[in-house]
Each structure stands twice: as structure tokens, then as C-alpha cells.
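A.B. asks: Below are the chains, spelled out letter by letter.
Protein chains: 2
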Amino acid sequence: MTDPTERTFSEPTEAIMQATYRALRNYGYADLTIKRIAEEYGKSTAAIHYYYDTKDDLLVAFLDYLLEQFVDSIRSIETTDPERRLEILLDELLVTPEENRDLLVAILEMRSQAPYKETFRDRFRQNDDYIRYMLKAVINHGIDEGVFDDVDADHVTRALMTIVDGARTRAVVLDDTALPTARQTASEYVDAMLMPEGHD
Amino acid sequence: MTDPTERTFSEPTEAIMQATYRALRNYGYADLTIKRIAEEYGKSTAAIHYYYDTKDDLLVAFLDYLLEQFVDSIRSIETTDPERRLEILLDELLVTPEENRDLLVAILEMRSQAPYKETFRDRFRQNDDYIRYMLKAVINHGIDEGVFDDVDADHVTRALMTIVDGARTRAVVLDDTALPTARQTASEYVDAMLMPEGHD
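As they're listed, the protein sequences go chains A and B.
Under the numbering used here, read the first sequence as residues 10 to 209, first letter to last.
Under the numbering used here, read the second sequence as residues 10 to 209, first letter to last.
A couple of the hints might just be wrong.
[To be verified] Calculated cross-link-like contacts (lysine-lysine; reagent style BS3-like; alpha-carbon spacing at most 27 Å):
1. B:Lys126 - A:Lys44
2. A:Lys126 - B:Lys126
3. A:Lys126 - A:Lys44
4. B:Lys126 - A:Lys64
5. A:Lys64 - A:Lys126
6. A:Lys126 - B:Lys64
7. A:Lys126 - B:Lys44
[Said to hold, decoys possible] Coverage of chain B stretches by chain A, computed from C-beta distances (three or more under 8 Å per stretch; other residues unrestricted):
8. 116-122
9. 133-143
10. 167-174
11. 180-188
12. 193-202
Simulated from the structure, these hints should not be mistaken for laboratory data.
Just so you know, even glycine gets a beta-carbon here, dropped at the ideal spot from N, CA and C.
Starting from the given sequences, assemble the full structure and let the hints guide the process.
C.D. replies: See below:
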């Protein structure tokens, strides 16, 4: 898999990504057009087509961009304490998205198209692989240090991402308490699976 | 909320629902048309429009139909043992859908449209309310009988539905192991939250 931390966005593509972000929040995926993105960008559609042939090419780049944002926010975590680091990762996955509810709506539309669009599917899978890789590294570190129980780190990581994806779907479809409920559930699950008996 | 167990489908509407089911599995939501449903039904589009004005009316009825199927499968559970009953409910939510992967694809497309279509949103919320109501009844029964710890049954129910919805989304977007992973996660969560200390 390509290391997403090695992807970079040049100044114009960064501005196009920010325009895409605003257009997705305003119009959703189904009603998104290059014209609407160009309006947000403040330039012509040709200025966008110079970098991206199609709307789908641009959206695949946008999924890379979102992962890059996430990776940046993770890179700024300074603590190496496994327990604290896992808490911060789960906050990034389940608390921070609260600020971007409209984006969650657009992402769910794109996810629902994954069975029909291989490029979307590949990108969602890569992003999920990468986030699971980061979670697993923290869990394995905690196991090595003896602060977490010796669990199947791959399973625990997939379980946590199931809670994350459930929260993202429920936040769009059902109710406003989906993210806080899932954050609490993730903590309860981490306590039950990773924390040695008698841990406070 | 309307009690979904009181909804019934007459013989022709039952046949239309089965045709809708097949058409959704074959074409997905975006490419679904009344014409394609009529082909599966083996009658004219007028025969469908006699019962349903629009495709969306028909799909809202289809969401009722799916809940009715689920309620029927639950009604046939004979055991009143809370622990066993909860296991069977979780199997219905996380094992049985494996047989209907194509339907999960179509349902996720409809879910992603919930922010734009109030009728879909209302129905998804009603269905979620009803399933949580059934889960909560089992959990409260177990608490009353002293076989489950005295937990916040509403939170535990929402947590379990977060795992269920995460599995449904991941099964469509990401990987083939999403449902079994979530089934295991649900059991681990139930053990941690509901089972008294020292329970095997």
C-alpha cells in the first residue's frame, strides 16, 4: 500500500481540496459538480480539470486528503504512553468528527457507492488499513510494555473500527448522540479487553 | 410510534415486496426503477402503481416489510432465558444478514439518502427504535432476574446497535469478515457489561 504520509498536496491542489470540502458540505455527493467546486475555488472549471480529469478522480484525491489530515493530527500527538495515546486516537476518530457532521453525510454517500466504484472502494480500504495499522501499533506497544493484556491486537483493532464506522453511519442516519455513545462504548471495550484485572 | 407488528401485507403487496427485494439485489438502489420491479413481479408497472404512487413510497413500504420479516423471525424465538434470547437476537442482527449481502448494499445506499429524504429517515429511525426496544426488553428482563448486572440498558442497547451498524457498513465497503468480527465483538461487549464477575 502507498504510504499516505508520503502524499503531498501542492498549493493549488490544497486549495482545490478545501473547495471540494466546502462544496461537499453544501451540496452532498449526489449534487456535487466540478462547476460547484470551481465556484468555491473562485476559478474556472478548466483550472480544476488541469489537475483532475473527472469528478471521481478529484474525489479519490479528496479521500487521500482526508487521510492526510488525519495523519497530520496523529503526528502531532507527543505522548508515547500507550493508554493515553489510544485515548487520543479514539478521540480523533469519534469526537473530532462532531465538528464535520455535513462531511460525514457526504462520506456515507461515497461509501455507499464503493460496491460500484472500484477507485472509491480501493481508497476506503487503504484508509481503513492505515488507521488500523496505527491503532494496532499502539495496542502492540502497550502489550510489549505490559500495560495492556496480551490480546489479539488485529481483532481488537477491527472491533474498534466497527464501533467507529457504526457511529459514523448512525450519526448520519439516526441520531445526534451516536458519536458520544460510541466514544463511551469504545472506552468500555478497551477497558474490558486491554486493561489488566483490577485496573481502575 | 406505529407498532410494526401490526402492519400486514396483503397477497399482492407481499408479491410486490418480494419483487422489490430481487430488483434491489440485482440493480441496487440508484438503478432501481418501477419498470424493473414490474419485470420481477411479472406484471405491468400499472399493477404496481395501483398500490404505490412513487418509487419512494414503495421503498418506504419495503423498509416496513424488512422490519416485519425481522419481527417474525424474533417472534419464533421460544426461549425466555435472557442470556440465550440476547444471543439469538444478536445472531439475527449479525449472522443472518450474511445471506443477503446484496441487500446490505442497497440498504446502505438508502441510508445514505436519509439526510435528504425525510420518509426514509423516519422509517430508519422507527426501525432502529423498535429493534432497540426489543434488545432493551431482554436486557431489562435479565437485570430483573439477576442474571445480568444492573447496567444502563439504554446505553448498552445503543452500543450494541453501533456494533451492528458498523458491521453492516463495513460488510459493504470494506471486507468479508465484518459480520463475524462484529458478532465476536458484540459477545465480548455483552460479557464485559452484562455478565456478573466470575461468569464463565
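A.B. asks: Does each hint fit the structure? Answer for all of them.
C.D. replies: Each hint tested on the structure:
| no. | hint | verdict |
| --- | --- | --- |
| 1 | B:Lys126 - A:Lys44 | holds, 25 Å |
| 2 | A:Lys126 - B:Lys126 | holds, 23 Å |
| 3 | A:Lys126 - A:Lys44 | holds, 22 Å |
| 4 | B:Lys126 - A:Lys64 | holds, 24 Å |
| 5 | A:Lys64 - A:Lys126 | holds, 13 Å |
| 6 | A:Lys126 - B:Lys64 | holds, 24 Å |
| 7 | A:Lys126 - B:Lys44 | holds, 25 Å |
| 8 | 116-122 | holds (count 5) |
| 9 | 133-143 | holds (count 3) |
| 10 | 167-174 | holds (count 7) |
| 11 | 180-188 | holds (count 6) |
| 12 | 193-202 | holds (count 7) |
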